[in-house]
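Number of protein chains: 2
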Amino acid sequence: MKRLKVSNNVIRRLPRYLRKLDELNAQGISRVSSSELGQQLGLTPSQIRQDFSCFGEFGQQGYGYHVPTLREQIGSILGMDRSYQAVLIGVGNIGHALIDNFCFSDWGFRLTAAFDVKPEVIGSTFNKVPVLSMEELPRYLDENPVNIAVLTVPKDAAIPVTRILTAHGVEAIWNFTNVELTEPNSSTIVENVHFSDSLLSLSYYISERIDERSARAAREARREK
Amino acid sequence: MKRLKVSNNVIRRLPRYLRKLDELNAQGISRVSSSELGQQLGLTPSQIRQDFSCFGEFGQQGYGYHVPTLREQIGSILGMDRSYQAVLIGVGNIGHALIDNFCFSDWGFRLTAAFDVKPEVIGSTFNKVPVLSMEELPRYLDENPVNIAVLTVPKDAAIPVTRILTAHGVEAIWNFTNVELTEPNSSTIVENVHFSDSLLSLSYYISERIDERSARAAREARREK
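In order, the protein sequences belong to chains A and B. Each step along the first sequence adds one to the number in our numbering, with nothing skipped, and position 128 is 128. Remember, our numbering sits 1000 above the position in the second sequence when you count from 1.
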C-alpha cells in the first residue's frame, strides 16, 4: 500500500476506528456511513472522510463503507498484517499483567522473551514467555531481530536500559515508566503510555456533572422562594 | 469557571497540553506562543487557539500564553483542583501496579480503599491503601462519597462488579478490563483504558520506517545497476 505522510492526529484516531469497526463486525453490521461512524465516535463526517482520504479511497459516495474491507485496510495501514518481534523488560506488576493479559498476537506482535534482574523470576515462564536474565539482553538483541521493547522497569532503570536497547538496534520502545526518554538515539520511536491522560478526561466529566447538578439545585432553590 | 459544552476531542487534548506545560515549567520557560506549542504537539496554532477559546481567553495577542497561568487554568478545567474519592476493585497485577506506582493525589484523587475476593490480600495494606473484602463493598459505597471506581478485576467479574458499583451510587468508572461496560446505568461515566491504541500507533511508525528503508534500498539498487 502506498504511504503518504500522515499527521500524528490521524494516526491516533485509526486505532479508535479499528475498535469501532470490530464492534460493528461483531454486531453483524457490514455497511456504515461516515455520518453514522462520526456520530458513534464524536467526530464530524467530513473529519472521517478526510482521515480516510489520506490513505486513498475506501468508500463509495452514497453507499458508505464496507465494514470488513475498511477494517482490513486500516489494520494493514497500522501494520497489523506484519509480524513484529517484541521483548519485555521488567517483570514487575505492570510487566507481569501485560504478559498474562495483553494479547500481543492480536495486534501483530510476537512477544518472544522477557528480562528481569530478580533471581526469583529468572528462568520462569509466564504465558509461554520465558523470563531471562538482564545480563543476557545484549546478546539476545544481537542475535534476534527484535523490533520493539516493552519498557516496564522501575523509574531509575529506565534510562540505563534504554541505552542498552538502542545500542543493540531496538528501534521502538513502548514506554510504561513515566520517565521522559530523552536519551535514546534520536531515531528511536518512543510511545509513552500515560495513564493520567485518561483519568483526567474522567475527572473533567465528573466535574461537569457536579457543576450541572449544583446549577440545577440553585435554580430550583430560586424557584421555591 | 463558566462551562460551555466542549467536544470530546478537545477534552482529550487537554491532558496533553497539561503535560507539555509541566515540561515547559520544569525547563523554566514562562511564556509560549500558540505556534511554539503547536509545533511541539503536532497541532496547528489555530487549532490550539480554538481549543483554548472554548474556555474563555487565556492568551494575549502577540504575547503568547503565560505558562503557569495556563497550566493552572487547564488543571482547573480538568477538575484537578477538586478532591475526588476513589476506590480500586481487583488487586491483581494491574491493580497492584496502580496502587503502588500511580500517584492518584497528583491528579486530584484520593484512593481510600481497595477491594478483592482473595483471602491472602484482604486485610493487607499497599502504599497506605487498605485492601477490604468484596463483601464490604456495598456498605463502604453507601457510607462514603466515592466518586470513581478503578476497575481492575478479571474479565468475567467486570459486569457483575459494575452492577454493584452503579447500584450503590458510583458515577464514574476507570475501566482497565477491556470489557465493554454496556450494562451500567446509562448515566455512568466510563473511561476505557485501551493499551492497544498506543501499541498500534507504534506499529504504524515501525511499518512506515521499514517501508522507507526498503524504498531507499530499492532506489539504491536501481542506481547501482
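These are computed hints drawn from the structure, not numbers from a lab. Here the structure is a predicted model, which is why all the values come from computation and not from measurement. Cβ coordinates follow ideal geometry from the N, Cα and C atoms, glycine included. Treat the hints with care, since some could be wrong.
Said to hold, decoys possible - With a Cα cut of at most 16 Å, we get these calculated EDC-like pairs of lysine to aspartate or glutamate:
| hint | chain 1 | residue 1 | chain 2 | residue 2 |
| --- | --- | --- | --- | --- |
| 1 | B | K1020 | A | E180 |
| 2 | A | K20 | B | E1180 |
| 3 | B | K1155 | A | D100 |
As the list claims (entries may be wrong) - Facing chain A, according to a computed beta carbon distance under 8 Å, are these residues of chain B, among others:
| hint | residue |
| --- | --- |
| 4 | N1008 |
| 5 | N1009 |
| 6 | P1015 |
| 7 | R1016 |
| 8 | L1078 |
| 9 | G1079 |
| 10 | M1080 |
| 11 | W1107 |
| 12 | G1108 |
| 13 | I1148 |
| 14 | V1179 |
| 15 | L1181 |
| 16 | I1189 |
| 17 | E1191 |
| 18 | L1202 |
| 19 | S1207 |
Comparing the hints with the structure gives:
| no. | hint | result |
| --- | --- | --- |
| 1 | K1020(B) / E180(A) | holds, 11 Å |
| 2 | K20(A) / E1180(B) | holds, 11 Å |
| 3 | K1155(B) / D100(A) | holds, 13 Å |
| 4 | N1008 | holds, 4 Å |
| 5 | N1009 | holds, 7 Å |
| 6 | P1015 | holds, 4 Å |
| 7 | R1016 | holds, 7 Å |
| 8 | L1078 | holds, 5 Å |
| 9 | G1079 | holds, 3 Å |
| 10 | M1080 | holds, 7 Å |
| 11 | W1107 | holds, 6 Å |
| 12 | G1108 | holds, 6 Å |
| 13 | I1148 | holds, 7 Å |
| 14 | V1179 | violated, 12 Å |
| 15 | L1181 | violated, 13 Å |
| 16 | I1189 | holds, 5 Å |
| 17 | E1191 | holds, 4 Å |
| 18 | L1202 | holds, 4 Å |
| 19 | S1207 | holds, 3 Å |
Violated hints for the displayed structure, listed by number in ascending order: 14, 15.
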